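4 protein chains.
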Amino acid sequence: MIVVVKNGTTERQIENFCDWIRSQGIGTHLFHGDFQTVIGLIGDTMKLDEEMIHGLDIVESVKRISDPFKSANRKFHPDDSVIDISGKTTVGGDIFAVMAGPCSIESEEQILEVARAVKASGATMLRGGAFKPRTSPYDFQGLRADGIELLLEAKKETGLPIVTEIMSATHLPLFEDVDVIQVGARNMQNFELLKELGKTRKPILLKRGLANTLKELLMSAEYIMAGGNENIILCERGVRTFETYTRNTLDISAVPMLHELSHLPVIVDPSHATGVSRLVKPMALAAAAAGANGLMIEVHNNPKAALCDGPQSLTPEQFDDVMKSVSCIIDAVKATK
Amino acid sequence: MIVVVKNGTTERQIENFCDWIRSQGIGTHLFHGDFQTVIGLIGDTMKLDEEMIHGLDIVESVKRISDPFKSANRKFHPDDSVIDISGKTTVGGDIFAVMAGPCSIESEEQILEVARAVKASGATMLRGGAFKPRTSPYDFQGLRADGIELLLEAKKETGLPIVTEIMSATHLPLFEDVDVIQVGARNMQNFELLKELGKTRKPILLKRGLANTLKELLMSAEYIMAGGNENIILCERGVRTFETYTRNTLDISAVPMLHELSHLPVIVDPSHATGVSRLVKPMALAAAAAGANGLMIEVHNNPKAALCDGPQSLTPEQFDDVMKSVSCIIDAVKATK
Amino acid sequence: MIVVVKNGTTERQIENFCDWIRSQGIGTHLFHGDFQTVIGLIGDTMKLDEEMIHGLDIVESVKRISDPFKSANRKFHPDDSVIDISGKTTVGGDIFAVMAGPCSIESEEQILEVARAVKASGATMLRGGAFKPRTSPYDFQGLRADGIELLLEAKKETGLPIVTEIMSATHLPLFEDVDVIQVGARNMQNFELLKELGKTRKPILLKRGLANTLKELLMSAEYIMAGGNENIILCERGVRTFETYTRNTLDISAVPMLHELSHLPVIVDPSHATGVSRLVKPMALAAAAAGANGLMIEVHNNPKAALCDGPQSLTPEQFDDVMKSVSCIIDAVKATK
Amino acid sequence: MIVVVKNGTTERQIENFCDWIRSQGIGTHLFHGDFQTVIGLIGDTMKLDEEMIHGLDIVESVKRISDPFKSANRKFHPDDSVIDISGKTTVGGDIFAVMAGPCSIESEEQILEVARAVKASGATMLRGGAFKPRTSPYDFQGLRADGIELLLEAKKETGLPIVTEIMSATHLPLFEDVDVIQVGARNMQNFELLKELGKTRKPILLKRGLANTLKELLMSAEYIMAGGNENIILCERGVRTFETYTRNTLDISAVPMLHELSHLPVIVDPSHATGVSRLVKPMALAAAAAGANGLMIEVHNNPKAALCDGPQSLTPEQFDDVMKSVSCIIDAVKATK
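Chains as they are written, first to last, in the working numbering: chain V, 1 to 337; chain W, 1001 to 1337; chain L, 2001 to 2337; chain C, 3001 to 3337.
Derived from the structure by calculation, the hints contain no laboratory data. Among the hints, a few may not be true.
Unchecked claim - Cut-off 20 Å, straight-line C-alpha distance, at most; resulting in silico cross-link-like pairs (PhoX-like, lysine-lysine):
no.	chain 1	residue 1	chain 2	residue 2
1	W	1324	C	3337
2	L	2334	V	324
3	C	3047	C	3195
4	L	2334	V	334
5	W	1324	W	1119
Small disclaimer: the values here were computed from a predicted structure and weren't measured.
Just need the whole structure built from these sequences, with the hints factored in.
Next comes the structure, spelled out in structure tokens:
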């Protein structure tokens, strides 16, 4: 960590600061520029609070040299993590993961029909929303526990592992037979929930918040990993910008950047990011071309009557077309390596 | 709600859409422009899902005419809400509310000393963090239950009502004697938490999320109000932008805009917004000038050793100065009315 | 255009407003909802100023139904535009355009070496900066007129059409033999410059501003087209967000969205968008997969000593590798259609 | 400047880098952390290009310690600059500057009527748009040269110095008798224009771009000052965010922050920032309370018929009320010092 000292700071003040730092087992190293004095802090600075130091009277600015994430950091774990999904499939290895299904589970008929269709097209997991985070309290909030029941039925029939979102740690008992627990964008920094998930050993699909940096995403992964659960799948799903034609701006560059920073697998959700079904295909292809480990795609047997997020859903036929095209892109990407 | 129909849509398709809308007890009204056909939906469209309609094949765009919030809406409640705080003070009426205290509660000595100081300077409530949302799992997470105990002691001694943040509904029993429960920016859309708070009758201080619109803030208030708890205090605390000199960008225009949209009181937190203690005073004055109903300000008896968020804390002396200046501004604002 | 009238507006006021609108040759159509009155304006509303109407006392909000761009609008020109580049190549047709070269032209040796290299790898045009927009007045500002001379030499030797940026209309005479004139992100709304470019018939490469919406990009294209120059190539190059690992956030979804809105070709600049050379390849592949009509890529024969923007430049060897990979992706995309 | 070296870099590579830096007359200072090596660059690093160094293979990250602006920097000019306006008034000293007038000049009658009214209410300068930057080529583009003529008439009659916007350096001759030349937000990084303005000695009102940081604003001021013109007035006018209720988000914290970074005066434009006339008063008061040196406010004698930007204009009566209130706030602010 590098600390830039304010002009006008006395030698005595600098000495005091360095003493305090050294008392925490961290070394200090001073050097004087023409205009400014800088202190290098050497050692395990992960335990120092950057903002606290920044707030000291004598400090002009602070720069953290080492990344603040450890367990998620590729520097300490050079090999790609491969997340095992109930022994049936993986995310992060050779298999390109595709989690497909409806935004909201609505009925037995619906979820079974979609599950069969996406399996036939090559999806590796079934997704479906039971608990739904909705901006308005007046919107449909999901079938909740009943939705998970229906999802488990579909799992039983098709053999597809299932992915569904959790909104409160108190619901955890309902997720016992769920294969992958999803943490939604709005809960990415619900730290109490992250800590509880760290106590489980379930694969966690962690979505990037609408206004969160990649560093914050990795720090949230770190919360779960610090509890002992290293089965994390990162998910880029778009960030909030000023653009209004798309719901959010899908940050595809997050894929190679996260791969550089971390060993955790990265998937992309083009459905929520754009909010427009006709953009799902091009963005799915772009994500695959950029090296994503998989996709999460909304598929609905009757998007026009879907109880939520209809606009971005594909029909099973459209999904089948996307899968064929994605497969061509993946082959091309492999050929380029 | 106004629905713009895509070019190329057949009369039959439009007819089907209108039938479906009318089957929900909502009227339709068609008109044809030179280039485009538009359908007006008339009635209680609050129950319609804008995004779902937007997703229909025949729909080019949708515009909601009425605001999607009802209980929080000034249109239906023209008079300012005045929130009673345990019979000791109010927020939203004639009293300018000032919630002051340390970011984190650290010790009995600290919280008592700060409590006495801020009371002497005219604060109307004591704030202090027991549960702390920190980006990193390696940072200090707060004294938690012990912190609330210390806060209650300070309340007992000074008589100041207390404000502290909740991070999980499972902690609610610990908040029984807390006067105002704070929902932090990162939990503004933790809907399961909001629903639980809707079941209480405690005043809730709801902070705007870092990347949330005013409409979303009001929708989150609506979640709590829909549960029957109408004691909501809104808090502007800065939004995330590209600017890096300040931690966030304090959106002071949110104050008059929220007053126009809603009857709920609005306070401002200049400490977290800027992250720089020397900006707290000018921004506190600006907030008061813009018509805020109060302020939340961090005060620490020893900011340099604070375990968290030190940079933005004021000393008791600085806080006293801010209070005197704010008081001049409030008098001036009253004189201008 | 749809105008939502404020509650409390009198019949008389509405009548006056409608008269004023009709006096401009535009029809009006009233309808009354349960809570709100709405007026539909029918006709050539392109000439109405949305913000001006929004400012009227009786108006609560305004929604433009038709897009405000006409010449650039796919609705009125369903077929893709193919821009001819001096009879030597095209952008927007079957050819995948690749403009490659150094950020800044530094010397004859440099530009010739790079030109030969990128031609050998399959670039269809040579790019190079002569006039450089730099944030600091103390940074290298480009070779200016001398840079264009060197570029023309490289054109002569290699036969590659050349692309270079203009920063002021007063420099136009220097661009006589330039094949494509680039308008940089910071000048996207330099309307006086756009008007002057509208008087030429040169192909214009119009880059999206760092904080500009797609609608604003198309309105800037419209400025040039309104002058009679329809040879516009749009370029996505990343938008400004809160993320700091990448310089900007490349908005790949702009590619299919612009293709839907407009008939103009769309290329992508992954070099400037990310500011990180090791992200250029994955983002180039992503852009190709999403359907871009081409790429603009920085190539430098010695990136480590480049006078500007070195970090994002590729070596000729790296560029050759990117070209081979992009070609695989393009074949795959064609196969998916 | 601090350079963090990538892991795996050889001693030889570091040596080469340091040699190259030293060859530019800048000292180097190495220190080795547990995980990372850092090089301090000591001397006049203003001439080094941060991004170029960041792009070197061996470099992980770069931090500039000294601010890249020099002439605008308060460190080197501790006293507030006071800008003289044609000997008639000042900006930055004891006078609170108020520039008021219509967004667009429309007629002799209009500008004279507004000029007389704003003078009577205490405005210190008259503003009016002759050249108008409009997003759409189909919107009113201003009276241009004729508008400046009308403004000069109003100046003659009222004695008020005048402020108007320039959009191209080729128009400079028309600005000979203009007292303050305004550079609009969209031209803040039109560097060729800034350079030309640096050759004049006219006071320049430099507006912050919609997506520009304070550092970039100061670098643009630096462009003008590097040419020898030190008469710069900075203007905050809102930045682009995701919020939609207001046109832009007025960043009031820019006022105290710019005062800390620079000696140049700072004014605020609440009219354009919010785009809503009823927010102009509270935001004007907030700006004054935060320590702004002045305001720019739109006033129109008939806002409902204004040819542009009507919604944010005040009537002369409303402006008079704002002036009275602002005056109360300024007195209160003085009392607090």
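Here is what the structure says about each hint:
1. W:1324 - C:3337: With a Cα-Cα distance of about 10 Å, the restraint between residue 1324 of chain W and residue 3337 of chain C holds, given a limit of 20 Å.
2. L:2334 - V:324: Given that 20 Å is the threshold and the Cα spacing comes to 13 Å, the pair holds.
3. C:3047 - C:3195: 18 Å, holds
4. L:2334 - V:334: 17 Å, holds
5. W:1324 - W:1119: 13 Å, holds
Violated hints: none; the structure is consistent with every hint.
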